[in-house]
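Chemist: Chains A and B are the protein sequences, given in the same order. If you use the numbering used here, the first sequence corresponds to residues 1 to 616, in order. If you use the numbering used here, the second sequence corresponds to residues 1 to 616, in order.
Just so you know, these hints were derived from the structure itself, not from any lab. Any given hint might turn out to be false.
[Unchecked claim] Below, a list of computed lysine-lysine pairs in the DSSO-like style, where the Cα atoms sit at most 30 Å apart:
#, chain 1, residue 1, chain 2, residue 2
1, B, 202, A, 71
2, B, 331, B, 280
3, A, 349, A, 280
4, B, 426, B, 25
5, B, 349, B, 206
6, B, 349, B, 426
7, B, 331, A, 202
8, B, 331, B, 316
9, A, 206, B, 71
10, A, 206, A, 349
11, B, 206, A, 71
12, A, 206, A, 280
In this text the structure is predicted, and so the values were computed from the model without any measurement.
This is what each chain is made of:
There are 2 protein chains.
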Amino acid sequence: MRFVWIVLSCFVMKGEPALMPKPAKLERLSGEQRVDASFRLAFQRTAAPRLEHGAARFLERLTRQTGIPLKRGLAASVGAANLIIDCAQTTDAPLTLGENESYRLQVNVEQARLTASTITGALRGLQTYLQLVEAGSRGFALPSVIIEDSPRFPWRGLLIDVTSHFMPVPVIERTLDAMEAVKLNVFHWHLTDDQGFRVESKVFPKLHTLGTEGDYYTQAEIRHIVEYARDRGIGVLPEFDMPGHSGTWLIGYPELASAPGPYSIIHTFGVYDPALDPTKEAVYTFIDRLVGEMAGLFPDAYFHIGGDEVNGRQWKQSPTIQAFIQQRGLKDEAGLQTHFNQRVLPILKRHGKQMMGWDEILHQDLPKDIMVESWQNHESLAVAAQRGYKGLLSFGYYLDHLKSAAEYYVVDPVGGPAATLTAEQKQNILGGEACMWTEFISPETIDSRMWPKSAAIAERLWSAAEVNDVADMYRRLDVVSHRLTFAGARHETNYEPMLRRIAPAAPLEALRTFADALDPTGIEHREVFQRYTQETELNRMTDAARGDSAVVRTLEADVREWLRTPTAGREAAIRRVLEAMAGQRCETRAVWPHEFAPAGVPALVQGTGATWRRWI
Amino acid sequence: MRFVWIVLSCFVMKGEPALMPKPAKLERLSGEQRVDASFRLAFQRTAAPRLEHGAARFLERLTRQTGIPLKRGLAASVGAANLIIDCAQTTDAPLTLGENESYRLQVNVEQARLTASTITGALRGLQTYLQLVEAGSRGFALPSVIIEDSPRFPWRGLLIDVTSHFMPVPVIERTLDAMEAVKLNVFHWHLTDDQGFRVESKVFPKLHTLGTEGDYYTQAEIRHIVEYARDRGIGVLPEFDMPGHSGTWLIGYPELASAPGPYSIIHTFGVYDPALDPTKEAVYTFIDRLVGEMAGLFPDAYFHIGGDEVNGRQWKQSPTIQAFIQQRGLKDEAGLQTHFNQRVLPILKRHGKQMMGWDEILHQDLPKDIMVESWQNHESLAVAAQRGYKGLLSFGYYLDHLKSAAEYYVVDPVGGPAATLTAEQKQNILGGEACMWTEFISPETIDSRMWPKSAAIAERLWSAAEVNDVADMYRRLDVVSHRLTFAGARHETNYEPMLRRIAPAAPLEALRTFADALDPTGIEHREVFQRYTQETELNRMTDAARGDSAVVRTLEADVREWLRTPTAGREAAIRRVLEAMAGQRCETRAVWPHEFAPAGVPALVQGTGATWRRWI
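Okay, chain A solo, but in the shape it has when bound:
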């Protein structure tokens, strides 16, 4: 028996375009511009190489997104182009923090025009154009609009920890592609830690040869990634964590340590004792030469020295170090770390770099041109900004906590404790960074932990504070999620293979229904069950599950509504979902948080096959 397809009535999506981040200003005009195989680009002025690359990438993305085989050649004339790129910057230049990323995009039925002062602005506009393209009943088209857009914060970052689990080059590349798609502009590369020293050093080769088991980036790969990012209007911020989190430095160079070795790679996760010895001159000579080498690889202005979680134990146990603290009147170990930072600062400056560190580095004795990244709490950012330091928010954007997009979305860098700052002080807050720590994350699972939720963070950092309707965010996020797949992210495509691996013989639909109802467990829960190491298998249901799914969100909204107004129709809809979940052969136990416990949920569950019980 063969089924032959004859007729398909197409589903047509209409309504507000699913743009994320939402642009500053959007005006709908009437009509739409169609996109077909005749689509051609033109440049109004000379295109610098970086813009040419951007345009080629744009055409490739449009082809992937639509399935239309677009030609790579330009339009015969500006007049004949479907999209004109009018970019005032006609030669390449280094990326700079705070550069003008604004653009104007006017789409008319016959022709669209993208205007920007900078190449980066033009790249941002091209991504907006891609997001406007939708499938309709007559093919692909985009609504006629005038968009004027620019970012709220100049620093919109994403950190990837490549030490806990190494992330091969293709993972970084596809992350940069997805970052460009949602206008993130800083890739923060956490390169060194107790678990690995992931950069090739020709000056101190024992750093990467002994500090890894072979998984590091060669200098050629680093240069490739920096260039790949720059092409996409993304700066690269390297982090060399010091004086703590530096165990892998000490394996090959134990003379830098605060306590006698030997040292080895730590395969578990947490805060450990190894620390550089701030009292030794050799440490600063070493850092000078290392920073000198690395400054040649990383062209951007900032250099992140970490500075977090120094437990001070080795310093406390060393009589020499304690004597140093006393002699210099440094008060305690925190004082010693500030002394260290004060010594490192001129080294960075000599190599043309500005210092950046986690909020532990904040100290009144450091000058105001350092940048502070707050990970411990939101208060430290407010304090830094108040004192006149530039700062970024990462607290609240920790992707390894596997929170919902909504939970990240509501966090605002100048909200919370920073809301009471003066307007001038708020100017010191430059943005934020989503942080993908990878203790429980593999190259296979990282995509579903970053995407699509980082798009919601990207919107928080790009769009106006007033853009904060969670329901509308989710409406757009679901579409953006699929588009990110065409940008190369694998949060959608890795899902089924991971589920199938868990239970190869199970019906896929059962597994999906089950997994769609699950929230995976973040770092704060996961450590309770098992001691994790770099060798732990990350191939379980909690690794495959993505959480924050539309099924659960809808069910949640329905239950809330039902608790307020328990209509029969609403109850039937809820029970249908529960029946579907319970009907799959998996032994599922859904747990409601106690906020719902009193209100009659047990009755709702009854007879659906789901079971209801109190959870502690």
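The hints should help you fit chain B onto chain A, whose structure is shown.
Modeler: Coordinates of chain B only, in the frame set by chain A:
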């Protein structure tokens, strides 16, 4: 509301291991070997670089397949290894046709041992090991077995046409990875045709610069692919189609043509007039220099000159050519083509190459050391073999016809008209090639047209003729299909994104249910509806649909059973599937072939929401 996962009863797959191709001999022992993060390899003897690469790739594949982060280092000793590779070939050597690909794999509870005479044999055994690894209730394990295996045919190929639609390097790479997984050993690269000349030529640069719009492989890319294939025990057979299908040669070099130009790239598909002029000495000088250049890029013994579909029109219309035919007593245009082949043969030999061509080149005046690939029919292969020519079967393995795996599976190179050959004549039949012509295929759709069905062809060419149980093939193919995803093939992962693109706002499950019930239309149907060109969008339902789906196969079997014995239970099962299909909001019309029409199908359909009508 958050759902927290507590308990999951794992589905356990047991039964015969899903090996494909099925090995020549398999003996089950009791027990199983477990695979966890402590898994380590060892070499019994010196490992040549190609085997080292193979082992590294094996570990990476095992990591991807299981999600277990395996270390890349070797076991401390042979005794401590989980898998010992004992390969008698300790230095690299060129691949040769008919080389010993046999291996022996013994898996015991404590240790497995892979024994092979050649590196290629060891690579084949490693793939078998990967296929043995299954998820069980206690993690990943493989059954204890003794396998002794070797191929039935020495030539097990896959052709990709990169002229109709260009296939970028990553497509070729992932195809080679999937080929290795199912023990295919020849990649036939159809590089030149009227639609494109896809290789960079430094000797005649107008071939690729004027013969493409920029989509060609650089020589560095060719070298990379050849090496990539060789690493996987796969030879590369380049095809330069001549004297027909050569329109793109003539754009830059019209002096080689049989009729005055100008010539240009042909963007449509079919058989066209342009042909080299066999009467001109300059043609042979040109071929000599071109083959000389290309012989440096393609190290394997055979060189495919195409030779198919010369329509002879330009030759008929040229008085000079007709005079040449008469003077030389060549009888007709076929005679002229044989004359051409006779001139090309010594050129190939001079450059160390053996001639291969489509069945049109077969002629008694050509020596017996040429190889004939039968695409027109199975008879021509039998005739060639009978006359003492070596030959391959491609007829019946045309993947662009989008037939079911079962339809390809039943085709046997020495079956059909070749079955009556003597045993000695059968020895001339060296195997076959799956052919992926790409008139209607894009880099996005190619995976689902090749996989998993090429695995069934691979089994036909590797395993004994008696391995022919279609139901058992499908049982294993469904598992192999998922494993091919971990090898990099995208037939599964590209499916949903393509469906979503068609109808972004439609519920995915509806689209899947619908698409799962469809067979896409092959080249023979598709041309009826539309004139296709290289610019035609390949983003429709028929491009996304994969066909040959388990849903349809099960329904088909159920209906056949029901027609034989119409039980109530069987009827209910069928009606449930039809209801699910009809219940989706798509306007689906399923068409039964008339063999089922009389037997009461209308009654079966009634009330399910599906409609029944006669088809023509």
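Chemist: Work down the list of hints and note, for each, if the structure agrees.
Modeler: Structure-based check of each hint:
no.: 1; hint: 202/B with 71/A; in the structure: holds, 25 Å
no.: 2; hint: 331/B with 280/B; in the structure: holds, 18 Å
no.: 3; hint: 349/A with 280/A; in the structure: holds, 20 Å
no.: 4; hint: 426/B with 25/B; in the structure: holds, 23 Å
no.: 5; hint: 349/B with 206/B; in the structure: holds, 26 Å
no.: 6; hint: 349/B with 426/B; in the structure: holds, 26 Å
no.: 7; hint: 331/B with 202/A; in the structure: violated, 72 Å
no.: 8; hint: 331/B with 316/B; in the structure: holds, 12 Å
no.: 9; hint: 206/A with 71/B; in the structure: holds, 20 Å
no.: 10; hint: 206/A with 349/A; in the structure: holds, 26 Å
no.: 11; hint: 206/B with 71/A; in the structure: holds, 20 Å
no.: 12; hint: 206/A with 280/A; in the structure: holds, 20 Å
The structure does not agree with numbered hint 7 stated previously, though it agrees with all others.
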